[in-house]
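J.: Residues per chain, in single letters:
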Amino acid sequence: MRRLPKTLVLGGIITVIMIGAALLSRFWTPADPTGMNIMARLKAPGEVGLLGTDQIGRDVLSIIMSGAWTSLGIASTATLVGGGIGTVFGVMAAAKGGWVERLVMTFNGVLFAFPPILSAILLGALLGPGAVTSMVAIGVFMIPVFARVTRAAAIQIWARDYVKAARMAGKQDTLITLEHVLPNISAQLIVQLAIQTGLGILSEAGLSFLGMGVSPPTPSWGRMLSESQTYLSSAPHLVLAPGLAIAITVLGLNLLGDGLRDLTDPRRRQTT
Amino acid sequence: MTSLLEIRKLSRHFDLGSGVVKALDNVSLSLHAGEVLGVVGESGSGKSTLARTVMALDHPTSGTVVLDQRDIFSLGPRALRKARRDFQMVFQDPYGSLNPRHRIGRIIAEPLHLMPDAPKGAERRALVGTLLEDVGLDAADQDRFPHEFSGGQRQRIAIARALITKPRLLVADEATSALDLTVQKQILDLILDLRDRHGISVLFITHNIGVVQEICDRVAVMQHGKLVEVGPTQEVLDAPQQAYTRRLLAAEPRLDVIGRKSRSRP
Ligand SMILES: Nc1ncnc2c1ncn2[C@@H]1O[C@H](COP(=O)(O)OP(=O)(O)OP(=O)(O)O)[C@@H](O)[C@H]1O
Ligand SMILES: [Mg+2]
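Chains as they are written, first to last, in the working numbering: chain V, 4 to 275; chain S, 62 to 327.
Hints in this document: simulated from the structure, not taken from any laboratory.
Owing to the predicted nature of the structure, the values given are computational and were not obtained by experimental measurement.
Hints are not guaranteed to be accurate.
According to the in silico footprint, chain V covers these stretches of chain S (three or more CB under 8 Å from chain V) [as the list claims (entries may be wrong)]:
| hint | region |
| --- | --- |
| 1 | 92-104 |
| 2 | 155-162 |
Under the rule of at most 20 Å between Cα atoms (straight-line distance), these lysine to aspartate or glutamate pairs were calculated in the EDC-like manner [said to hold, decoys possible]:
| hint | chain 1 | residue 1 | chain 2 | residue 2 |
| --- | --- | --- | --- | --- |
| 3 | V | K99 | S | D119 |
| 4 | S | K181 | V | D176 |
| 5 | V | K167 | S | D147 |
| 6 | S | K227 | S | E194 |
Glycine residues also receive a C-beta, built at the ideal position from the N, C-alpha and C atoms.
Chain S extracted, bound-state conformation (with noise of 0.2 Å):
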């Protein structure tokens, strides 16, 4: 099988003057069509780093990451804006990616600026409700703005404004961890039929084990910017190789305390 995404020995370091702190270090990782990939590791272990520079968001020190066979930071500015439209992210942060002076329905619909041939007026409308119904949302909805939505609801936006263009990597980075049982269910469940639908492949960031053993396929664990282990996921939660990871795997419960903390903002 090829894989879609090949990540390349691929590190990010940040000069603090102080110090520098590798973010990514050596990175190695291989996503398959299809596949859902998840990503685990304490805070500050970089994930979101990776997340940003497999999207081209962010210059990596060394190292490529290759989609679809195309060395995304080979392509010119151009090249790499019409490659865009096959790979999208889901932020961490729901407070800070959602445009507080755009409608909802503007937002969702932001990404089809990269298709040329993409519906206008009544049509997008219907595509906008579609989508924010797929999420649990209402398809009025759309003409509200962000600061009417709780934090879970705001995810679920940015979740919809990520499916909008059917990429075929979706990257998502802790984006159901602040979302109720019920609602984290319907997305994950939304998210694995996409992946039936349309062979979807997902590089899923999470602090939560539980939904790894969920809906992913397979599980890569990171420390300190470095990978520590990667495998099918039931083989790494039943017989983790790793100190590292046994120990994250005993302090689940408190890894998603964490999570939550991290999230909640004035």
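Looking at chain V on its own, in the form it has when it is part of the complex (with noise of 0.2 Å):
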């Protein structure tokens, strides 16, 4: 068995105890993340239950594992959607070449002028905020990004001589790009599905900060650090928590991210 990165599973840990706690808070909080106590309200972490209480007397340790759901949830469905079409427009490029490239890049041009903001405020406009006006917006920025990194990795296979043996075999693009190109760039797409997903986090809780993500009473990180910024020398947990559960999570993303780059790295592989 040859070591794993340290990065790699420093980054799994966090990202699986961030998974956990989002797929457990569909079953169990400690408290009800929505069931105010006005009684109760702004108490510090350990004075009542583990994170304290917000203004209202919410939770805080329920409301971040929902918030967790919410977020991961968002950000990683828009990434997988969105990353998914960009992949396909991507190895497409790379296959055709001409002008089916020329307009498949031109395409991700104009869509890549549309940051996750700007397309939650048009959309917010028609669907009014939420957490598929979020998603959308959100999914829309992964196409240009996941079309790029995918035809410049397919581009470097398509020059290979096993894709040269493919042709001489008859082969068409559909499928050489299916059993040649896909699975010798997937490690690559893997890459950059942890890391884009942690900017997908980052992006929800920004439009959620701004009011355009999921609506109340829905839990979220970035709502949650929009309110309570009155209380940040008073109640500074009710500031750190969430800003804290979205660095943490997008730390984790990244690292993640970065050790299965390095786990996939053919010079790592020789070494080794």
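Using the hints, put the two chains back together into the complex; each one sits in its own frame.
T.: In structure tokens:
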């Protein structure tokens, strides 16, 4: 057994804990994350509940756990769907070249001009704020990001002699993409998936912070951050808890992505 | 005798912005059925470009390639795919020519995609096993992955793949240069045997004049994308007409070293 990169182990542990907390929140939280209790408002961590309570007496740990579900759910769905569409565009551009490639890349350039905030404002006007608006806004941005990475990686594979051998075997572009290109860029795509999900979480928090994300009472890290700004000095845990949750989750996913990259680096393979 | 392969005024230019590289410059050559034609020339003389273009993996700047009376560049994609079972190629770099994620059996059987009536399952395994033994490997090697094999072994796997459809033309780009003498002899004997039994024609690209002498009926000499000399092997080797060929022959051991160097990978 070769040793796993430290970044992979650490990132993996953080990510598993966050996903575990998100899943657990569907069945169990220490208290009701939406149940207010004015008598026990603004309690410090340890005093009431592990992480204290907020300005209307809700249990902070429960909000953070349910917020993990909201954040991870929206970010990973957006990344998977948007990334999937982008990957299809990327392999198509690499396989066909010519006008197909120019069309795809122009379309990408246009999508890239719509950062999630802008899309969310436009979509919000149509659909109103909410989980779907956030997901679409983030997902649309993932399309060009994945299309670019995929195209660059796929072009390298198309230059390999084993692809030429597949053409000698009479295989068409789609089959070559499925049998030769995708398996050989899958490692890079998984790395991107981890890192981009992290960025998706940041975007989701940003949208919620600005009031364009999921609507109350659904718990959300970004909204909690914005609502607790006024208590920064009196009850700093209300800002720290969601802030750290966001930072640690994004860090975990980035470490995971870096670790996976190290793991699949061919130079590393040869020396071990 | 009709020729199986006719290369007519073939040119391939690469526009690099800073200038144009004439990798192939007005090359005409023909290859008869059952003939082994050697192609020699210094590094960069256009040998691999010739191989790729003849295999229709690359489009020429001008000129045509006629294979078995058909101009391969005027064939539609479907007809070209159909024609491909008749011509196969062994690539120069054994580290780039096998998909690292596929098992050897799948790699060797890939050209069977061209044959609708190709054997499947146990029959296919047996066929791949026989080919592996023909090139001096083990039938059980088909369950292993490319990284488990040396450069020379990979080259033999690539040769097995090129032979599975029983092509009528085999283009071998430095196919045996990475092999040690015994294995090289075994592969050359295999190729000659295929020629004798099935009348396969071979375009044999090499740095090694010794190999040319051993198996080639005729030899073509290339320099800067041009064909400088072509003729029966013994005539060209005994009485080269061009100064370039004489230099090439005199420098043979050195060329061999260059060939080996360019292939050694970390
Ligand atoms: N795709 C390409 N783009 C630009 N230049 C190219 C390309 N392919 C080949 N060339 C150039 O064409 C010339 C011939 O290259 P080629 O690979 O055919 O030579 P070769 O005879 O096979 O050499 P070697 O013995 O080293 O394999 C070289 O100058 C090379 O740099
Ligand atoms: Mg070459």
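J.: Decide, hint by hint, whether the structure agrees.
T.: Status of each hint after checking the structure:
Requiring three or more residues with a Cβ within less than 8 Å of a Cβ of chain V, the coverage given for the region 92-104 of chain S is violated, as only 0 such residues are present. For a cut-off of 8 Å, the count of residues in the region 155-162 of chain S with a CB near a CB of chain V stands at 6, and the three-residue condition holds. In summary, the hint linking K99 (chain V) to D119 (chain S) is supported, as the alpha carbons are separated by about 15 Å, within the 20 Å threshold. In summary, the hint linking K181 (chain S) to D176 (chain V) is not supported, as the alpha carbons are separated by about 23 Å, beyond the 20 Å threshold.
Restraint check for K167 (chain V) and D147 (chain S): satisfied, since their Cα atoms lie roughly 16 Å apart, inside the 20 Å limit. Proposed proximity of K227 (chain S) and E194 (chain S) is supported: the alpha carbons are some 16 Å apart, at most 20 Å.
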